[in-house]
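Q: This is what each chain is made of:
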Amino acid sequence: MLVVSNIDLGTTTPSMKPSAFLKSSVKDLTLNLNNDYRYLKTGYYVSMHAEVLGNTVIPTSKSIIDVNRNPILLLEASKAGIPTNRYLVTSSVKKIMLEIGFPMIVFAVNPFSFDGYKVAKNRSALYRAVKSLGMNYKFAVCAQPLRGNMVSFKAIFGKCQQDEQLGEIAGRVYEVFRIPICKLHVQRVEEKAYLCGLQPLKKEEVLPADLHLISEEVARLSLKGDRLVG
Amino acid sequence: MASIACFVEKYNFTDSREDVALQTFKHTAEEMGHEFDFMFREGISEIPKYDAVFIRATTDPLYTSYVVSRTASELGLKVVDDPESIQICGNKIHQYLLFKKFNLPHIPTIFINKEEFHHKQLLEIFREFGKPVVIKAPYTSFSRYVEKVACETSFREVAKRFFRKSDVLAVQEFVPTTFDWRVGVLNDKVLYVCKYMIPKGRWKHGAKLRGKPTFIWGRTVSLKVENTPTELQNLALNACKVIGHGLYGVDIKQVGDSYVLVEVNDNPSIYSGYEDLRSKDLYGKIIDFLVD
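Sequences listed follow chains S and V, in order. The first sequence runs 8 to 237 under the numbering used here. The second sequence runs 162 to 453 under the numbering used here.
Everything labelled a hint here was simulated from the structure, so no lab data went into it. Built from N, CA and C at the ideal position, the CB exists for glycine as well. There may be inaccurate statements among the hints.
Residues of chain S placed beyond 12 Å of chain V at every Cβ, according to the derived structure [to be verified]:
1. Leu82
2. Ser99
3. Ser131
4. Lys209
5. Leu218
6. Ala226
Output of the computed footprint for chain V on chain S, the stretches with three or more beta carbons under 8 Å from beta carbons of chain V [said to hold, decoys possible]:
7. 43-54
8. 69-78
9. 90-97
Sequences are here, hints too, so could you generate the full structure?
A: This is the structure in structure tokens:
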């Protein structure tokens, strides 16, 4: 298994730098580790390059695009049985007010932003959110009702430091999309947790404890070899 | 009878030639006994009501059109452009890697990486391709984000601008021609053929006027498919095969007697009196494909 990583994993885990991999034609199972899997960023190009070479890769370029588009993430997650909220994709504030109602959370549909979501409790807050997340109404936004508390946490290979309920949702998201490193936004409503969004991490958000977990998972996956996917 | 949603944005109706083409799609579909509705961003939630989705708004994995395409595909609807085609055609780096892999003749291209962009690499590029060279952002469309540079200073200025959005760019040899071939392909068959003329004194079909935001476009000369070279048609068909089986516009340059690929575009322009001039049946063929 070939590990391509922009994160220094220490001496115990051999890995290739993304820039070196992009110039190579190594044919092997590829594990692409990156804090930022956004479209057009290096993390995306590594997966794309691996696929063109014919390699099986984690994560796939399709997953990278889809998880960063909030409505697609929700649609595919709900198809896979992960609890999600109803949502509306539009740039019309009126339509959002009519169909979602306050309070609500609003996600960008374009994946340019690191900022996650905005909470709108009234009309003016909603106008501000749609304007800023929609980049001056150029893009649509994805609105979801806010019925409980929002929790945001890091998920590393589907594992997290939170309680069992959130751990379960992180595990399911990893099973479906195979994004090794990300931040999840989840809404807790009474006793249930609903997936609301996913976003990349900033490099400084990856802490030594996370690196330890990543190295452990890489070692485990290396042993699994060809059963890496599925 | 099928119901077709045509996903458009307001700008699709600003040019009268595109407006007429869109209305022709609607009339053709209705004459064939189908429903054809224009769907804007606000109507995305209505996708499940339809049997097929035809995207005419500009496509890119970053745009709402991709959300429409992927949503329709996940719901099992027929969709043009399909999300896989948008993913490959929307990223020219992906596309050139596939052309290389399948040995399809294309303009000599190398990739530059934001992390390893330095003086020595620039010298190597100019040594290999000569001057000028063309820098292409992966998300180029409608002749935008493709610039010709002849010195290190302008190379760095353009690359810096394009690197803001993408970590990898394509650099190509400059191949001057008076026109680009445009071959429209649908489901592995040639649909129409045009020549996109390069305006006088320019080097690409659409060029910005110096100091102004407006674009000038070269003429479009439409040809009968049967009067165009077989080699040209075959190259276009082979290029589309590595991408998918939908609707594409293949740009090809003719150098002497040989042909090289410039790029394959999903969501090709269809303007009344231009692409359809010698291929009036293209509307019906596309509707047929959508409802098949």
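Q: Does S:Lys209 sit more than 12 Å from chain V, CB to CB?
A: Correct as stated: the minimum Cβ-Cβ distance to chain V is 16 Å, above 12 Å.
Q: Check whether three or more residues of the segment 69-78 of chain S sit with their beta carbon closer than 8 Å to a beta carbon of chain V.
A: It holds: at least three residues are needed, and the segment 69-78 of chain S offers 5 whose Cβ sits within less than 8 Å of chain V.
Q: Please settle this one: S:Ala226 was flagged as non-interface, so is its CB more than 12 Å from every CB on chain V?
A: holds (27 Å)
Q: The output says S:Ser131 does not contact chain V. Does that hold with a beta carbon cutoff of 12 Å?
A: holds (21 Å)
Q: Verify this for me: three or more residues of the segment 90-97 of chain S with a beta carbon less than 8 Å from a beta carbon of chain V.
A: holds (count 3)
Q: At 12 Å, judged by beta carbons, does S:Leu218 keep clear of chain V as stated?
A: holds (21 Å)
Q: Could you let me know if the closest chain V CB is still more than 12 Å away from the CB of S:Ser99?
A: Incorrect as stated: the minimum Cβ-Cβ distance to chain V is 5 Å, not above 12 Å.
Q: Closest CB-CB distance from S:Leu82 to chain V, is it above 12 Å?
A: Per Cβ check, S:Leu82 is inside 12 Å of chain V; nearest 6 Å; violated.
Q: Check whether three or more residues of the segment 43-54 of chain S sit with their beta carbon closer than 8 Å to a beta carbon of chain V.
A: Held - the segment 43-54 of chain S has 5 residues with a Cβ nearer than 8 Å to chain V, which meets the minimum of three.
The structure shown violates the earlier hints numbered 1 and 2.
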